[in-house]
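Residue numbers (my numbering), protein chains in the order written: chain S, 1 to 148; chain E, 1001 to 1225; chain B, 2001 to 2399.
Rather than coming from a laboratory, the hints here were simulated on the basis of the structure. Please read these numbers as outputs of a predicted model, since none were measured by experiment. A portion of the hints provided could be inaccurate.
What the hints assert, rightly or not - Derived coverage of chain E by chain S (criterion: at least 3 residues anywhere in the stretch with Cβ under 8 angstroms from a Cβ of chain S; other residues may be distant): (1) 1160-1171; (2) 1181-1191.
Said to hold, decoys possible - Below 27 angstroms or equal to it, Euclidean Cα-Cα: the simulated BS3-like pairs (lysine-lysine) are: (3) LYS35/S to LYS107/S; (4) LYS1188/E to LYS35/S; (5) LYS2033/B to LYS2071/B; (6) LYS2268/B to LYS2241/B; (7) LYS35/S to LYS1163/E; (8) LYS13/S to LYS2118/B; (9) LYS35/S to LYS1165/E; (10) LYS98/S to LYS148/S; (11) LYS98/S to LYS1128/E; (12) LYS2118/B to LYS2241/B; (13) LYS2029/B to LYS2048/B; (14) LYS2143/B to LYS2118/B; (15) LYS13/S to LYS2071/B; (16) LYS2029/B to LYS2118/B; (17) LYS2118/B to LYS16/S; (18) LYS1163/E to LYS1129/E; (19) LYS98/S to LYS1026/E; (20) LYS16/S to LYS1165/E; (21) LYS2196/B to LYS1165/E; (22) LYS121/S to LYS2266/B; (23) LYS1177/E to LYS16/S; (24) LYS28/S to LYS121/S; (25) LYS121/S to LYS2268/B; (26) LYS107/S to LYS139/S; (27) LYS13/S to LYS1165/E.
Every residue, glycine too, gets a C-beta built ideally from N, C-alpha and C.
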Amino acid sequence: MNKINGEIYMQNKEQKELLVRLGEAQNKFGYLSEKVMIELAESLDMSISDVYGVATFYSFFSIRPQGRNIIRICKSVPCFLKNSQVIIETVEKEIGIKPGETTPNGKFSFHLTNCIGVCDKAPAMMINSEVYIDLTPNKISQILKAHK
Amino acid sequence: MEQIALTINDRQLSASSGMTILEVAKENSIDIPALCYRQELSPIGACRICVVEVERSETLVGSCHTPIAQGMVIHTHSKKVLQVRKTMVELLLASHCGNCFMCDKANICELRSIATDLEVGLPRFQVKKRYYPVEDASPFIVRDLTKCILCRRCVSACNEIKKEKVFGIAYRGFDSKVVVDFDQPIDKDVCRDCDVCISFCPTGALSKHGEIGEEKKGEPLIISG
Amino acid sequence: MAQQRIVLRNCGVIDPMQISTYLDRDGFKALKKALAGVTQEQIIDEIKLSGLRGRGGAGFPCGLKWELAGKAQVDEKYVICNADEGEIGTFKDRYILERDPFTLIEAMAIAGYAIGAKRGYIYLRAEYHCLLDLLKNAIGQAKEGGFLDQFDIDIREGAGAYICGEESALMDSIEGKRGEVRYRPPFPPSRGLWGKPTIINNVETLMNIPQIIFNGGHWFSQLGTEQSKGTKVFSVSGDVKKPGVYELVLGSRLRELVEGLALAEKVKMVQVGGATGRIIPYEMIDMPLAFESILGAGAIIVFNETRDIIDIVYRVMEFLAEECCGKCTPCREGTEVMVEILERFSRGGGLETDISLLEEVASAMMLSSLCGLGQAAPIPVVNSLQYFRSVYENRIRQN
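Isolated chain S, as found in the complex (with noise of 0.2 angstroms):
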């Protein structure tokens, strides 16, 4: 007989935790490291190659330490025809970095990013939670002073 609708529901619900828990350390650390990982991993009964595999399915998630802040610079067709290879140019620019990248002082890291849903606003791109519309190339300057 198959196990359709038998073992792959029987499961582990403190696990719902997990995002959650995982959101909260690469918030306070900026990014999830491997002790922080083996602790939730017990924390909640959990293979520690489960955690892992769920910190590196999420894009927002880093398992290695990020900057201060985080740019990510929406790349996807709206923005693409608005010009924000412009904006991509004029960021790596002004941080001397490309993406993937953080600034050697910690202060920057820089990702291009798919659709951010702010379309209608194109180029867009976020600074941690921050979104930032319409951009041109004199805005970024000016958007990146505001972060220390």
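Dock chains E and B against the given chain S, drawing on the hints supplied.
Below, chains E and B alone, put in the same frame as chain S:
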């Protein structure tokens, strides 16, 4: 138990409700290939090789996890089904290292066997291959993820049969990978001498340390077609 | 123009931070009506009569979904609001949540009563974190007002994964797992969150509910076409003078929206429905927007004559490959192969065999992928080959 009447490949059959299409087919000696399904495990539904045509369904359905229903008309080897299976095996081979000459499990490799049955030749798709270093630190198990096709049988087998959780899936999309802890090479601490996952691995990704030629003792590969 | 505000009726009218402004607009009267003597079956019948179909893309009849979950004889059931709006070019749910969180809360409470669920979740995408306080405030005020005495609403935030907008991946994500898709059956109304009967509705779908209960299903079914009742909210972006959110009666023409309202000029093509949406060449712009023809999640991205079709399709496919969960073979491997081929074309290359390879992979993905993402991912590629094949052929020739 309620009996369900259905048709597979123009044969009128009857089976108990709750059975999957694949189970009914098997019971009636109809062979549906599968790379993630194994009788001993809960259906995984990942490889999609076992897809079949069910009349009035827009898409093909995974036979390993789809329960039979009254009056279902199923084709397990229609032209459409075979073409899709063939493309999928070719996709798997495109990112697979393909070093069958060097592989100890070549003769008992399910991927190779299914590819042969479906007459899949050299893959025409150009896609990057997944290359990972061989993990041979454990005395019990050798992992060569370059040969892994992400069927997840090892994860399920460890979980469901041994009640252990040595493996997990990490990352996303094409980069998905079967990992141990923080994506570390498997070593003696995490895994004991149980061999369960090895016996479930359809390719050469999991094997034992062994004498040269030992793994070749399986049934020789019959090349049909 | 067939603009009509049902979903957006309170947007810009009420103060999203003040429940009193919502109550002034008949807020929570539908819930009161439902709780006072209307049976659960009657509510579901009313929704069925309305003909309301899911607004998230798949278009499943809402009443039927509720009926299936309602009939299940289980104590624990769930209502989930899918606010994981990740489709490229959609922002209507953000627009709605920002301006009228109360209607959504009322709708979820009605849904909870109708199917017999005590708890609901709003799954909010990580990119919309800025809406969290507003939503919490609205739930808090609704609780204080005594509107959530029998139904609790929790907000669960995503963490950056498009696939979590897919209902089964969304449930796994709420359960604290990787957002990977499940095979179906079992469908969520019979076995959903933690294996319990669950209904999952898009924000916009739910926004229709209070109005349907208040005015009756028959009223709603008078709007729209044969198979597409009511209105649809569209997010318009790209090469238009007036991008933004528009609500139109279903069956309105794509041209009305794109040229009439958003004021697009020299249109070459329009992608309708997001990343996996169909690409419509300008010659077909008089198509009606409805489930019978094209709709999706209501994302409308307009491209003018200067745009290169292959460039666009390549970018869309790159997005889908990045957002694929990785569980099933056709989607995981197929999107990657398509990215490789399209990248070659976008660089000005392209091999003689590439077109037939694209078509072959597309067919396998559409027929055998585990979820809607994989099944629909090849649509833009297939459409571009259908309507702009010569562009591909020219690249191959020039190569």
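Hints versus structure:
Proximity of the region 1160-1171 of chain E to chain S, defined as three or more residues with a beta carbon under 8 angstroms from a beta carbon of that chain, is established by the 8 residues found. By the rule of at least three residues with a Cβ nearer than 8 angstroms to a Cβ of chain S, the coverage given for the region 1181-1191 of chain E holds, with 3 such residues. Straight-line distance between C-alpha atoms of LYS35/S and LYS107/S comes to about 23 angstroms, which keeps the hinted pair within the 27 angstroms bound. Between LYS1188/E and LYS35/S the CA atoms are separated by roughly 22 angstroms; this keeps the pair inside 27 angstroms, and the hint holds.
The suggested pairing of LYS2033/B with LYS2071/B holds, with an alpha-carbon distance near 22 angstroms, which does not exceed 27 angstroms. Between LYS2268/B and LYS2241/B, the direct Cα distance comes to roughly 15 angstroms. Compliance with the 27 angstroms bound is thereby established for this hinted pair. For the suggested pair LYS35/S and LYS1163/E, the alpha carbons sit about 25 angstroms apart, so the restraint of at most 27 angstroms is met. Distance hint between LYS13/S and LYS2118/B is fulfilled; the C-alpha atoms sit about 18 angstroms from each other, no more than 27 angstroms.
Taken as a hint, the LYS35/S and LYS1165/E pair is honoured in the structure, with Cα atoms around 19 angstroms apart against an allowance of 27 angstroms. The suggested pairing of LYS98/S with LYS148/S holds, with an alpha-carbon distance near 19 angstroms, which does not exceed 27 angstroms. Note on LYS98/S and LYS1128/E: the hinted pairing holds, with a Cα-Cα distance of about 23 angstroms set against a maximum of 27 angstroms. Restraint check: the Cα-Cα separation between LYS2118/B and LYS2241/B comes to about 46 angstroms, which exceeds 27 angstroms; the hinted pair is violated.
Pair hint LYS2029/B plus LYS2048/B holds up; C-alpha atoms about 20 angstroms apart against a cutoff of 27 angstroms. Using a Cα cut-off of 27 angstroms, the hinted pair LYS2143/B and LYS2118/B holds, with the two alpha carbons roughly 14 angstroms apart. At most 27 angstroms may separate the alpha-carbon atoms for a hinted pair to count; LYS13/S and LYS2071/B meet this at roughly 25 angstroms. With a C-alpha separation of about 20 angstroms, the suggested pair LYS2029/B and LYS2118/B falls inside the 27 angstroms cut-off, and the hint holds.
This hinted pair checks out: LYS2118/B and LYS16/S have alpha carbons roughly 18 angstroms apart, not beyond 27 angstroms. A threshold of 27 angstroms between alpha carbons decides the hint, and for LYS1163/E with LYS1129/E the separation of about 32 angstroms lies outside it, so the pair is violated. The suggested pairing of LYS98/S with LYS1026/E is violated, with an alpha-carbon distance near 55 angstroms, which exceeds 27 angstroms. Restraint check: the Cα-Cα separation between LYS16/S and LYS1165/E comes to about 18 angstroms, which is no more than 27 angstroms; the hinted pair holds.
Between LYS2196/B and LYS1165/E the alpha-carbon distance is near 25 angstroms, which keeps this suggested pair within the 27 angstroms criterion. Between LYS121/S and LYS2266/B the alpha-carbon distance is near 21 angstroms, which keeps this suggested pair within the 27 angstroms criterion. A C-alpha spacing of about 23 angstroms is found between LYS1177/E and LYS16/S, which places the hinted pair at or below 27 angstroms, so the restraint holds. Distance hint between LYS28/S and LYS121/S is unfulfilled; the C-alpha atoms sit about 31 angstroms from each other, more than 27 angstroms.
At most 27 angstroms may separate the alpha-carbon atoms for a hinted pair to count; LYS121/S and LYS2268/B meet this at roughly 21 angstroms. Under the criterion of a C-alpha separation no larger than 27 angstroms, the hint pairing LYS107/S with LYS139/S is consistent with the structure, at around 19 angstroms. Simply put, LYS13/S and LYS1165/E have alpha-carbon atoms about 17 angstroms apart, close enough for the 27 angstroms limit, and the pair holds.
Violated hints, listed in ascending order, are 12, 18, 19 and 24; each of the other numbered hints is respected by the structure.
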